[in-house]
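Engineer: Below, each chain spelled out in residue letters.
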Amino acid sequence: MNVFNHESFRDDFTFRNSPAAIRRFPFPFHEDKYMYSVNIEPHLPGPKGSVYEHPIDIDEHYVSEMKDRAMVLAEDPKRCQSLPHMITAEWDMLELLMTSLAESYPELFTLNRDGDKWHWINRPLNIEERFVFGDAGTLPYGPMEYIGRQCQGDFSLQDHRDNNLWMDAGIITTQADWSLDFDVGMNFTEWHGPVPLAHQARVFERALKFLLNLQLGQPARRLNWTMTINPRLDTSPENYHKWGVDRTTVTPENVGDKVHLRVELQGLWRLPRSNAVLFSIRCYMIKMSELVTVPKWARRFHRVLKTLPPELADYKGLTRYRDTTVEWLSKYDDGAPTSPGCGPE
Amino acid sequence: MTATQLRPMRIAEIEPVADGIKRFRLVPTDGSPLLNYSAGSHIVVVMRDADGRMWRNPYSLMGPLGNPASYEISVLRVDESRGGSEFMHRLPVGAEVQITNPVNLFTINRQARKHLLVAGGIGITPLMSMLEELSSINADFELRYKVRSLSRGAYCQKLVERYGDRVKIYRSDRGEKLDLDRVLADQPLGTHLYVCGPKEMIDWALETARAEGWPEENLHSEQFGAPPAGNAFTVKLARSNREIRVGPQQSILEALEEHGVDAPFLCRGGACGQCETRVLARDGELKHNDHYLTDAERRSGDKIMICMSRVTGNSLTLDL
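Protein chains in written order, with my numbering: chain A, 1 to 345; chain B, 346 to 665.
So here's chain A without its partners, still in its complex pose (with noise of 0.2 Å):
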């Protein structure tokens, strides 16, 4: 895969996803209904060609997405922050990166390791690299920042102490609404605080004792989900007063073009050197036109949309525009049966 869309993720929105994309995106339903679980499995590879494929999955988006992350952080450096002591976990995030994406993606990626002196190239981005590695003084952004820069997703490093884990750096320009200035320096418990119904059902507690006991090697992912009106990257809290009023914007004619459903790839490792855990929030968007060209999916997200839970919808962010959106679907579900299973088939 060597060429890359030149597109936009704010102002005139040229963002598209090829049939290829389509066909790979990762729907996230299983069934004709959702309610939040503790969907966690193994990260192992997938099938060829998906986004499970690889551990860290680079698409037709990368160029583009990188340069709206570097307008994201050149108008708000606080999307990335990383306490002193979390040093060391930033450094096994960049080598986790660096080494996943050049074994992933030989074409586009390069890393030459000769003790602690590292050479990495980026083709695609058009970067050269000479530094030493535990030495921040030879890169040019912290060692986060850096590799952060060069990948697709959020990322979050998180402390495992006081049998919590707490989000003590991160890299978030991608975000579905939350914001990591007000995060940073929270545990799990803290920092899912807003999310509705899952602490009753105790899925947190859960997913926390999983985490606490995430071994090295051993790599998790699950998948989450909202909607965004048009595709934009950053739907900040930060930058609300710019996306916000997007969501009044949804006419009957434009659901097609306007909705989109938002997909996040999560994959949690362990980390070697500091015993962090790495969790990456990577952003799959395909828009309500495109989704409906596989028949089975248009009928599942009519179905699951149309029973969402009213506090899901309100937490997600969908409520003024979910009956126009489920209005518009339904011309795409005839009440055919939907096979089990995410995929298009």
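Don't take every hint at face value.
Claimed, not checked - The following label-pair restraints were derived from C-beta to C-beta distances:
#1 A/S37 with B/R393: 49 to 57 Å
#2 A/M35 with B/G509: 55 to 63 Å
#3 A/P309 with B/E642: 30 to 38 Å
Because the hints were derived from the structure by calculation, they are not lab data. For every residue, glycine included, the Cβ atom is placed at its ideal position computed from N, Cα and C.
With chain A fixed as given, assemble chain B onto it according to the hints.
Structural biologist: For chain B alone, coordinates are given in the frame of chain A:
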């Protein structure tokens, strides 16, 4: 077995470091790179003798940290009939064993203002890598190390050479006593305590700290030690409809593994919770030897940590 991968290793070097203690340096047999690990980590070493008898013993990784070409552990030969350390001590250079990936249940707290490390005997081993890490991040730390004698205490000289007056050694053969009350009282607020050694020593150290008002989250310990022995009994597995005999020196987990049952485990020392199993019926009282279940959970009698705990009567039925 918990879904952990095993890696084949070869003993590259053996060095006696004290009376009854040997240092083993292990290298991968296939030349593949070893994982980096965090200070305080351990591996489980899987050993088999010619008769097919198997041991799985956890040993702390001692460092050096930083892209290790080998893993180093120190093993105290313990005279008891479980035999794992005995077997290890008889292995020659070149012998092959298997190991799990590093696991860490004894980490340093990166928010601590100061780190006070207390070791008893072979308990020094996890603290070795901690000292290296703390030193490399320029943390404030000190080590108090209790040994029976210099000949039985491993690495005394090396530690003093490397860390100077941050190390204090207490030799019981000279009647030197660690005045822990005083030492604790002298620490600045925000100091974390890390203890490793025999069970009695750990209990004493933690109780002393608690009595002085140290918060629980500032206290860290790791306990080695074989699962305590007891009477033999039968374990009935309700789901697979099997009955397995647990010998007096064997843990339930070990008996299951001997009979090919793949039970989840991680630390094998009753600390991590991974082997928690539901008890459906029992003859006799449960003997909880773990550090994981709450008092209420122990009293309820419907959970057991199979790596360490037993039943006093003839049988135990588990949801396995």
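Engineer: Between A/P309 and B/E642, does the C-beta distance stay in 30 to 38 Å?
Structural biologist: With Cβ atoms ~33 Å apart, the hint holds.
Engineer: CB of A/M35 to CB of B/G509, is that within 55 to 63 Å?
Structural biologist: 59 Å, holds
Engineer: With 49 to 57 Å as the target window, see if A/S37 and B/R393 comply at their CB atoms.
Structural biologist: 41 Å, violated
In summary, the structure is inconsistent with hint 1 from the numbered list given earlier, while agreeing with all the others.
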